[in-house]
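Asks: If you're matching them up, the sequences are chains A, B, C and D in order.
Per the working numbering, the first sequence starts with residue 519, numbered consecutively.
Per the working numbering, the second sequence starts with residue 76, numbered consecutively.
Per the working numbering, the third sequence starts with residue 128, numbered consecutively.
Per the working numbering, the fourth sequence starts with residue 3, numbered consecutively.
Don't read these hints as lab results, they were simulated from the structure.
Wrong hints could be hidden among the right ones.
Cross-link-like lysine to any residue pairs, in silico, SDA-like; alpha carbons within 20 Å at most [claimed, not checked]:
1. B/LYS362 <-> B/PRO277
2. B/LYS130 <-> C/VAL689
3. B/LYS126 <-> C/ARG758
4. B/LYS130 <-> C/ARG498
5. C/LYS597 <-> C/ASP501
6. B/LYS126 <-> C/VAL689
Just some of the chain C residues that point at chain B, by a computed CB distance under 8 Å [claimed, not checked]:
7. PRO401
8. TRP403
9. LEU406
10. ALA555
11. ALA667
12. VAL676
13. GLY683
14. ARG692
15. TRP694
16. ARG718
From the derived model, a few chain B residues whose C-beta atoms are all more than 12 Å from chain C [to be verified]:
17. THR82
18. LEU127
19. ALA141
20. ALA144
21. PRO217
22. LEU221
23. TRP324
24. THR329
25. GLY330
26. SER331
27. ALA355
28. ALA356
We treat Cβ as the ideally placed atom computed from N, Cα and C, and that holds for glycine.
Given next are the chains, with one letter for each unit.
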Amino acid sequence: MSPTASALLLTAPAAAPLLVAGAYTLSGARARPPAAAFAAVFTQARKRASAQGSVLVQQALVPTTTRRKRYPTDWVALVSPAVILTCGSLLAADVVADGPRTAYSGLLRADALTVWMLLVIGTVALIACGSAPVYLRGEREAGRASEWTVRRYHVLVQAFLAAMCLAVLTANLGVLWVAIEATTIVTAFLVGHRHTRTSVEAAWKYVVICSAGIALAFLGTVLIYYAARQAGITEAWALDWPTLVAHADRLDPAVTRLGITLIVLGFGAKAGLVPLHAWLPDAHSQAPAPVSALMSGVLLSVAFTAILRYRVIADAALGTGFTRVLLAAIALLTLALAAGLLLAQRDYKRMLAYSSMEHMSLIALATAIGSPLALSAALLHVAGHGLAKSVAFCASGRILQLTGTTRMGRVRGLIARTPSLGGAFGLAAVALMAFPPFSLFASELGIARAGFAAGTGLSWVTAAALLLVLLAFAALAARTARMLLGTGTPAHESSSAVWPLALGLAACAALGVATGPLTDLLHAAAHAIGGQ
Amino acid sequence: MNAVGYTAVAGQIVAVTAGAPLLTGWMRQVRARLEGRAGAGVLQPWRDARKLLRKEPITPAGTGPAFRAAPALLVATTVVTAALVPLLSTDTPVSGHADLIVVVSLIALGTLALALAGLDTGTAFGGMGASREMTVAALVEPTILLSVFALSIPAGTTNIPAIVTGAVDEPARLASPAGLLAVAALAVAVLAETGRIPVDNPSTHLELTMIHEAMVLEYAGPDLALVELGAQMRLTLLLGLLSSLFVPWGIATTGSWAALAVALVLLAAKLVLLGAVLAAAEVFWAKVRLFRVPELLAGSFLLALLAVTASYFLTGAS
Amino acid sequence: MSLIPAALATATALAGAGALAGCALPYRQRVPVVGVLTAGVGAGGCTAGAAALSGSRWSAAFPGLLPLAGAHVAVDALAGLFMAVAGAVVVAVAVYGIGYAAGHGAHGLGSHSAQAVLPLFALTLVLVPVAASVSTFLALWEVMALASLLLVLAEHRERVSVRQAGIWYAVMTHLGLVLLLAGFALFAAQTGGETFAALRAGAHTVSPAVRGLVFVLVMLAFASKAGAVPLHAWLPRAHPEAPSPVSALMSAAMVNLGIYGLVRTGFDLLGGGPAWWWLGLIAVGGASAVYGILQAAMASDLKRLLAYSTSENIGLVLIGVGASGLFAAYGNRPLAALALAAALLHVVNHAAFKALLFCAAGAVLRATGLRDLDRMGGLRAPMPVTAGLFALGALGAVALPPGNGFVSEWLLLQSLIHGLAVPGVAVAVVLPLSVALIALSAGIAAAVFVKALGVGFFARPRSTQAAAAKEAPRLMLAAMALLGAGCAALALVPGLLGDGLDRAVDAVGLPGSGAVSDGGLKVRLTDVSATLSPLWVAAALTTALALAVGLPRLYGRRRRRVNARLWDCGGGAPTPRMAYTATSFAEPLQRVFDDVLAPEQDVDVTPVRESAYLVERVRFQHRVPDRIEHRLYEPVLRSLAGAGQAARRLAGGSVHLYLGYGFAGLVVLLLILAVGW
Amino acid sequence: MNGGLYTQLLDLACGLFLLAAVLVLWVRELAVIVRIFALQGIALAALAVLLGAHEQRWDLIGVGIGIGLLRAGVLPYLMRRALAAITADRQRYGTAVAESRETQPLVNVAASLLTAALLTLLAYAVARPLTELNPTPATRALPVGLAVVLIGFFVLVTRRRALAQVVGFLLLDNGITATAFLATSGVPLIVELGVSFDVLLAVLVLQILTTRMREAFGTTDIDDLRELHD
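So that you can see chain A by itself, here it is in the shape it has in the complex (with noise of 0.2 Å):
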């Protein structure tokens, strides 16, 4: 392939939403007043009919603008999604046959961690911009979305998926952190969207907390960028991830040493791991779903890729001991408080949150194994998280919208209710709690055999691990259970909220079957990241 072509094939996955992003700013620029006002009056007429049930009005208003109302533009988000699949699925052929890519001088490089990351940022952002307009319709018929306050949405989630797929695809680890942190301050107004008291408290911990964390990462970044100078590798390459690969031998131990220590607990933090992951449950709990569907989704995975490429030059620097027991602790802490956390849950999107930290520690424990197997099976994890996660989370925004509560005590028989939603739900779930055949079956059985396979130590550490995964499965299916069964009153569910949902289901399953054409790139990529 030319090299032009993979320039921009590299190129576009990140300019694509930026593009989006920018054609919505335009839209909002030459917006006609009418509209913002028209949402208004109608919302507030909608809110006295409503108040005053009376017929009349309802029938004055209900043809010409609820039911018949479309919104054509939050389609175009899907643009964006489509590209980064495109490009990925390109890439995917390419870098399996012939290595990896660069472009622009090594800034962008594509191996097969970051086409198999861009296939899952790609297909999460298309189950979540696949069922946000159905969830828009449901805010703003319910009077919580302006137009502007949806447009604004949009050039967020583009700006994010931006972000995200710059990090995915840099090779220079400062511009990694860039991406990363930018990725915190975009989505603050997207989990700060309405500015009630809870949103606000959830996007201020968000940010803060995020950027002491990400702060500590940048630390632990130069510190290697220093160590890599004292190495002897010039300024232009010091923070570039093969040279860094290629030379870590060079780098001194004890600075790599405490580098690597900051950058797992910065990166860790946007990970969702202890002890700087108290940010998770509050903000996927108030940001919107499709927004809390790419968080849990990808945003944790994308995050957690740092500490993968950390891992490999720590690991030729040091030796695996040090990272195995700092990720194996971290962990195995994260797991616990994940499982007790569950225990007492009264808030399913929390207890989504709280299942996403689950499932980050089994991919931290893959993580510290270090084998081939483990790390094929992390990222077949992150896969079949960020599929199942999403779909879970963007049911579970329709459900509030239905139930207008995220209690689960007052959430029931889901399924009697809307068999399409609670059905979608209840798989997720389902899937969540690693039941063939999702893939997240086949890659919990992977960490097993890994870690049994790694060791005394790491054979216990699994198997506590294996406990605590069943108190977390436990907590789960009881909660589930109670939100699915029992009788309900049946109501109305348009199609079109629920092919997202069963497209992320179905790939889940298909994942979980066969790996099918991806099986060589999924090698290729734990090979990429030290499965040697």
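Got chain A sorted already, so can you dock chains B, C and D onto it with the hints?
Replies: Relative to the frame of chain A, chains B, C and D by itself:
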């Protein structure tokens, strides 16, 4: 010889069927004499049976096929066991088809049929009798099977003719502690199975205590005759089994007519003797409370267990 | 030999079609189509199993399937036996299910989801024994668990208890998976390969301690799936709450797979082990046998009773397997083969009669809406065929001749009795005890099924529903008749299975015993002299019965039976409320086993206001709790709830707290680095 | 300039830098805190310029000046605006004082100062290998950077006013920048730009959130944000 074999089987069946009322009559007579009464005579049970058989068959309201089939089934199981147990001869053509476990289970099957009949009447008496009967039967089962176990260890098989012939060949087995313990255990089990004192009192109709009589309370006429006959046959059969297991002498081990005749006479003698002993014992014993019965059976179970372990460790079967 | 793969492929295809049909078709067509396709799945499995039993083998590998592992399959006689049993049960139950779901409305078993899952469940039942690698086995195992879970939940709209049962089942089965995963992963890690072939080859290189650990983990897991004490807690919940065809499948086919896994792992993969493994297994078996049947004796819910009786029969099978392992450990392989054959034969028999019993119970439930024996009664009049078939199944379950359960229990007892030929004090102590336990459980089983049959079907109706019962539709009757025929065949000519059993026993490396042979007419123990010919016993019984019925007729003068009132002690005709209920029937047994069962009862007497001596109302409550749950599970649940409440404080909401975590973590790590890693 | 003078100036700048961090812990008045933060920004800029002058790298000097503008000019300005916005409509209620003061931190001042001392010691202990790797006057001053990082984090944890937390976050960031300069005289320009831009945006976001917080909660006391919990 095969003729002899079949004759032996037929003889056993006839002996048990025809002898059962006589044995009962004899026991009642002994008891009456010991209690200082004149007694109704040995043939009284026969007369009762004849009288009942002539009466019209009765179907109590609300009972079903189980109620009608049970008496016949009771008798049938006893007859089959009578054919299987070597009362007269050890080499019968049928003895190869089954073993001690089958015999025990067939007897249990009879009990079960009667219990179902008791429940089928849908009266409080029937249910009470059935529940108590099944409780006792359930508790007797381990004892019987462990005794079977104990007996089969020296012979190395559960095949009854083999056990019996073995005992005939080397009487030392019977004198061994294992043998004696097994006898005691099995004797208690037989008392429980046949519903004699101290487990149950066949000649009472006091609802607080009765077991067997409560089940069959609704029977009348020919059905009652069959039930009575069945109960008597079981007593005879089990006593016969005891005798042939523990005093096997005289049982024909070869297929000769003479031996068969001798065996018949000796069997009668043994049964008469055993019956007299049992009747005499019943005069002096009292029936125990229903919820003391488990203690009794637990005791017999312990005996059986001791018998097994003893026979294992003493005869050193290793 | 291409029959096996062909049959399995057909079964898979049919299952897929069935799932699609269940999703797509409207209610009217859905139920029959799915039923027929499911029956096809069962037939395929049965064919493959029969082919394997007749000596052909098959194995293959699909590297493309199952990411990170690849799928491996292999079929030998042992797998064939369980496939055949599962397939046969599936065929009958699928036909039964058509009739069952037809009248039941578009919810519950008739719903889209349930009808879509049913064929898949059937398929996994057939396919689990085919798996030949750890990953394949666990994947199929979990799919089976998931499918059964969804089916158990099918009637969640009708009763809240279904949800509880589902949660219990899900958690227990996942506990089983965790144990299984740990055991197998450890085993695979030690042998350095995850296909069964690799495990088999590397087993002898593993250290005894690890082998023991693996066996204990795997045994616990499989025992919990098989419903053995103390990990049985899901069974008496899930089986009653599931739709009856599902209960039948679970109790007659799924539970067996626990036994399969145990035999496969213990004998085949681990290649046998020291005596203590098998003594432990016998202990578990004996405990489940007696405890299960005692709980069954106390139960007044018919399906709960049947579920506990499953627990009992599994206990008997486990005793057999344990004895076999014990004998093998002491080097007496023929006897080991005999014990294993007895255990496997009992698996087959139990599958037959338990499927029949659950189907009959389902027919009653469908006709009356009742599961409570105390409120049934008199069903033999309105539903005679069901009653008759239930009686047939019960005869098998009480293990008395001429029932089919008797043959296998007879073999089991024979193997135990002759086990004393094996040296070792442990044997001398354990065997008599297990014989006694088997006998005790058999005795109580007799009481249990007399209760079920006599209280449930005989006497007079004790409730309006029971009085208004109607006979089940023909399709259900036909299916039950099929199962009944199976029971009868197994009871009369068990020898037909003989060669298959021998091959199955051979497959795990024990010499075939040839115990059950002679063209099915005799069960003869070759090395120890004991014979049994069930056919003869049955024939003799029938003849004797004919005589006993006929002769009095000839003698007696009056043939015509006349009706009469029940004896009423002179005071009014006895009402149905006077009849013995299941509870009262079980009362003496409960008194005898008071210490084991620990029943709870409280009487509260409310006197009238004027005087304490005049009683206004007396409330009497009596229940027999599952004691093991009481002692084992509830403390765990309580502590977990406490832990959850405690954990909530960690997420108290204060930003400072959250940042404090990070600061503390940072400082601690820096300190560690500072003092030197 | 000669080495001795360079070293002395460097140490002076570092001393100022650390002192400013400690002072932030000391004083309560938010306005003063902001001013001190500006002072620290100047010290940081001076640090960069010094290094640039020493290594004759004009780009570095440029970066230093830019950083000085950002940290001593823009950011303090933003915070003063936020402070004004907070306190503006509070005058009549007389709660302005409460809003504009860090009245009672979770850890009182004395304890904070002691902790700061301990943290500085920890920083010295941790920085040992860094210094050993390449002992120059600059790297000898590395502990200062780490100490400021830790102190900044400590402020973040213990201060209750929203603005105080922002300052804490910025202290953390200053510390990291200082470390970067002292260790390797700055990270590559693109990264440096990205970092500064991110910091700017983060502060903007936090400022907007602060105003929203005041609208929603009527106070900027972070300790009142306890509605989201399990």
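Asks: If you check each hint against the structure, which ones fail?
Replies: Result: hints 3, 4, 7, 8, 9, 18, 19, 20, 21, 22 break, sorted rising.
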